[in-house]
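Fit chain to chain and form the complex, with the hints in mind.
Keeping their order, the protein sequence lines are chains P and W.
Quick note on numbering: the numbering used here labels position 37 of the first sequence as 37, and the sequence is numbered without any gaps.
Quick note on numbering: the numbering used here labels position 90 of the second sequence as 90, and the sequence is numbered without any gaps.
Please keep in mind that the hints were generated in silico from the structure rather than gathered at the bench.
There's no promise every hint is true.
As the list claims (entries may be wrong) - Heads up, incomplete: computed chain P residues facing chain W, CB under 8 Å, no partners named: (1) LEU4; (2) LYS7; (3) ALA15; (4) MET16; (5) ALA23; (6) LYS31; (7) PHE35; (8) GLN106; (9) GLY109; (10) ARG113.
In this text, all values refer to a predicted model and were calculated from it rather than measured experimentally.
Ideal placement from N, C-alpha and C gives every residue a C-beta, glycine not left out.
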Amino acid sequence: MKPLLRKLAVLLAVAMIPASVSAWVFWQQGKWSVFRDDTVPLSEVAQWKNRVLWVDARPAADFASGHIPGAVRLTEEEWEELLPELLNAWGPDCAVVVYCSSRKCQASGEVARRLREQVGLKAVSVLRGGWEDWKGGRR
Amino acid sequence: MSAKIQAALGYLLGALFVYAGMTKALDPARFFADIRNYDILPWPAVAVMLAFYLPWLEILCGVAVIIRPLRAGALLLLTTLLLAFTAALAQAWVRGLDISCGCFGKADDHPGGYLLWIGRDAGLLIVALWLTIAEARRERTR
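So that you can see chain W by itself, here it is in the shape it has in the complex (with noise of 0.2 Å):
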């Protein structure tokens, strides 16, 4: 039962990841935009190169969740990325800005909902923290 909650749950997370970056992919100079908002990179030639490295970055570990070989790399990474995200989300929040979230390009356009934005991405750690767990174990058994 559990291993069958986990392939769908990586599936979802996979799939979510790719959706999410080809949005961002599309769009770089949106998501340059998205990221300079956050206020947090003093350099704007490494928020270009995030604009352009991180939807591609997000794409390949989602499909690598949902094709196996590797999968344990994809999950780890997923969930630094998840974890990094949250904590932007939350700093942002901290300090007043007034920004969208930018997580899914133009689709989630709406300034000023950092509850929700957290309160997701949190869910989403959750579920890739406990898949590169069970993946991590998988691994070791094998």
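With the rest of the complex left out, here is chain P (with noise of 0.2 Å):
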């Protein structure tokens, strides 16, 4: 049993090493507010003075069916296509909000990330509960 012990004590210990180097690495990289809390109930976006720019990560018949105003889509999977008209409708002083359908999906969370990783926008929040708590009216 000891030896078992000490087996899996020296693999937790040394997988510590790599991972310590990563998160450094990381942290010297500047990549650490990926980690924030990036959601926003809508409460507290009715409440922001900026303008706010809605983008919407669901499919395009959800989007149909109903959207909330001024929404722009954008999915991961038509990533190309939609992007120039979402550029479009963005200005410097406003703050971009993603959603999907409800608190159980996560579309909006990674379009929210890829809008900041790799077009470099800074206030991209996403809303908390999306669709759903929109709908229901939750402010």
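Okay, structure coming up:
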């Protein structure tokens, strides 16, 4: 039993070395901000003074059946085709809020992450509860 | 015959975990998002730690399964990890979360394949458990 525990301890401890180095490099590259909680409730967005650019990360059929007024569509699958429209609507004064269908979907988080990392937009948030919360009017 | 099958499965399992770990270690931000999507951990800081630590633990255990000295410990850890992954997937399925597995980074990015993911993890779990027991018996007879 003791040799097995020793092996376990060695593996668990050694894994900490590259993990710490990796975290340190990430920190040095200034990427640590990706770990902040980027979700905002509707009540908070309603109080913002900036112009809000709503980004709908749901499939086209869902968008067609109803969306937040003024929202532009952007999904990971149609990234190249839809991104120009978003960039046309975007301005340096606006805050981008991405939403998908509900709290149970991850599409908005992925789109927000790509907008920050690949497009370089700074003020990008995810609407907590998504379209479901908007429709429910939980402001 | 059984020893040869075990050796082959050991190499496969090890290589698979090295690959899985590499895909996650190369993009910790994405793995962090994948962990958060499971909606299990109430503390983001723990998800950050896991996003950096788990991939390297997988790589190390995968290598250790292939290269003998720490094999028994590595197999036990992989069995435990697979058990945890399967449980995490099952709870997400029950709760109806529309998420991607996150098991191989961006490589398996398609949401909604719970049956496939759980089946795959359960299969790997059986293999890992069998190899763990076999390795423990082998060590006892040494």
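- Unmet hints by their number, sorted upward, for this structure: Those not satisfied: there are none.
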